[in-house]
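Engineer: My request is simple: use the sequences and hints to build the entire structure.
Listed below, chain by chain, are the residues.
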Amino acid sequence: MDLLRIGCAAGFSGDRTDAAIGVVDALVAAGGPSFLIFETLAERTLALAQLARRKDPEGGYEPLLVDMLRPVLARCLRHGIRIVSNFGAANPEGAARRIRKLALELGMPAPVIAVIKGDDVSGPEYRTALDAALSTVLDHRTIVSANAYIGAEAVAQALTAGAQIVVGGRLADPSLTVGPAMAHFGWRADDWERIGRATMVGHLLECGAQVSGGYYADPGVKDIPGMARLGYPIAEVTEDGTAIITKPAGSGGRVDAHTVKEQLLYEIHDPCAYMTPDVVADIGDAEVQELAPDRVRLVGVRGHCRPDDLKVNVCFESGWQAEGEISYSGPRADGRARLAAETIRERMAGAGRLRIDLIGNCSVFGDDDGVLLESTGARASGDVRMRVALRNDDRAEAERLEREVLALYCCGPAGGGGVRTALRPTLGTRSCLLPRALVPTSFTLLD
Amino acid sequence: MTTRTVPLWRIAHGRSGDKGNRSNISVIAWEPEFWPLIVEQVDEAAVLRLFAFRHPTRVTRYLLPKLAAANFVIDDVLDGGVNDSLNLDSHGKSLSFLLLDLPVQVPTELAALLRGPEASITPKETT
Chain A
1 MDLLRIGCAA
11 GFSGDRTDAA
21 IGVVDALVAA
31 GGPSFLIFET
41 LAERTLALAQ
51 LARRKDPEGG
61 YEPLLVDMLR
71 PVLARCLRHG
81 IRIVSNFGAA
91 NPEGAARRIR
101 KLALELGMPA
111 PVIAVIKGDD
121 VSGPEYRTAL
131 DAALSTVLDH
141 RTIVSANAYI
151 GAEAVAQALT
161 AGAQIVVGGR
171 LADPSLTVGP
181 AMAHFGWRAD
191 DWERIGRATM
201 VGHLLECGAQ
211 VSGGYYADPG
221 VKDIPGMARL
231 GYPIAEVTED
241 GTAIITKPAG
251 SGGRVDAHTV
261 KEQLLYEIHD
271 PCAYMTPDVV
281 ADIGDAEVQE
291 LAPDRVRLVG
301 VRGHCRPDDL
311 KVNVCFESGW
321 QAEGEISYSG
331 PRADGRARLA
341 AETIRERMAG
351 AGRLRIDLIG
361 NCSVFGDDDG
371 VLLESTGARA
381 SGDVRMRVAL
391 RNDDRAEAER
401 LEREVLALYC
411 CGPAGGGGVR
421 TALRPTLGTR
431 SCLLPRALVP
441 TSFTLLD
Chain B
448 MTTRTVPLWR
458 IAHGRSGDKG
468 NRSNISVIAW
478 EPEFWPLIVE
488 QVDEAAVLRL
498 FAFRHPTRVT
508 RYLLPKLAAA
518 NFVIDDVLDG
528 GVNDSLNLDS
538 HGKSLSFLLL
548 DLPVQVPTEL
558 AALLRGPEAS
568 ITPKETT
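Just so you know, the sequences run in chain order A and B. When the letters of the first sequence are read in order and numbered with our numbering, they come out as residues 1 to 447. When the letters of the second sequence are read in order and numbered with our numbering, they come out as residues 448 to 574.
Keep in mind the hints are simulated off the structure, nothing from the lab. Warning: the hint list may mix true and false statements.
Claimed, not checked - Which stretches of chain B does chain A cover? Using the computed rule of at least three CB atoms under 8 Å from a CB of chain A, they are: (1) 455-462; (2) 466-479; (3) 491-505; (4) 523-530; (5) 541-549.
The structure presented is a predicted model; accordingly, all values stated were derived computationally and were not measured. All C-beta atoms in this analysis are idealised placements derived from N, C-alpha and C, irrespective of residue type, glycine included.
Structural biologist: Quick look at the structure:
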């Protein structure tokens, strides 16, 4: 049986950089055709990458690129394990040059690296279309990044042309899996059923360990062994696009029906219409089958004709966010923390909406208006950290919040300690659709 | 039929995700026997009530009987979403556990199938 193995070694920018080692070990041991993918982009990552590229024209790709690849690049090249990733972020060509340099540093011949183009729609030629799609939201704001989610076709073409490594920017997460499967099995781009199935396989892989026991454990209820050495997932894909999800033998974590179901539904809206650039995937009749320990098959996925439009994420500068925290502990800690919050509110009157949290009593469940906090009673004793956050277009106002929290040391309630403050520029994000025809994609091989 | 009240996490597990100002939370039955209870009791109105203090504009429930799972899509519940919210958890990653604490009625004959320690520390549980 023609089996294609696809291992995933990153689910976001900032994932464990040693994740690929165990996956590559398993792919080498299994033999046969295989790919290694890294998914490193989220809604904000590309904007941060654009800002990095402004500072350094050679930068703007995944900051951990070399850390992720150095442990495995030479082995992948030696064993014919091809690499596909969106870690090019805002500068896929720069990433490709850095990878070639890394290969040479490791004593390997320069690999054939393909760069995927077409996702970046931040140029002036797109501004009219984006303004029309986002109307009042952009309102002359400075766009930091605008990227279309692009699909697997250019990836498959690059692989067919002989690329050993494919580097893209805003390639849609599941397309990192669909591209290799299309190229390997020779599927047509309109083979909706197969591409739908492979898309959901890609969806299971795209968050790395989130399908193999990561982001799952709840002691006493959902126990997972070996959290400190989680095995990242490997899909064994067959010609019909279905796959078995597994992980390296001896690694930590677990793959069972429940870990797979949690990831299958992760960030899904209508399960019968999961839209990607490649297909509209449909898990309305999908089933998961436990075949053996750490081996789960996904079946019953369908696919429908891909959307005419591509989703575009636009990031723009949106001001400053300031935060400050201070802790109160022991008798009446809650009351002292609330008094600190009231004091800050009065001092910051007119500076815009403040968010107040009492960490240790009520923080993340509450909304920014503090409705839940107001209805949450004080406790006689406790350990509470008051947090206050503010967003303002004016940096000076945001900085004032930091100073006011610091001033609680001498002017606030009794026994406050451990002040920390932080200030950062913020990015707004909005999504819109652009007609596919406006966003042609292609690949080039690095000279 | 006698029933007992338990938090949802004793019959289901789930994960939340975000896209913009919209959260989705899966509710996956631990056992097939629990699936009808989820369908019957964890409906759109119950979830809307639970999240009312965060002002959602709409809750849509999608049922996946072959997975014994429901997917809840909750609109406008993230204070603008990851880039606009002042919440420490601007993604709403923790919200699955708000939903998983929803009280549900379970027939006593299914008690042996309940997940988690019997001496639960959650104060909402009563027999």
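Engineer: Now tell me, hint by hint, if it's right for this structure.
Structural biologist: Hint by hint, here is what the structure shows:
1. 455-462: holds (count 4)
2. 466-479: holds (count 7)
3. 491-505: holds (count 3)
4. 523-530: Check passed, 4 qualifying residues.
5. 541-549: This one holds; 3 residues, not fewer than the three required, reach chain A with a Cβ under 8 Å.
Every hint, counting from the list given before, is met by this structure.
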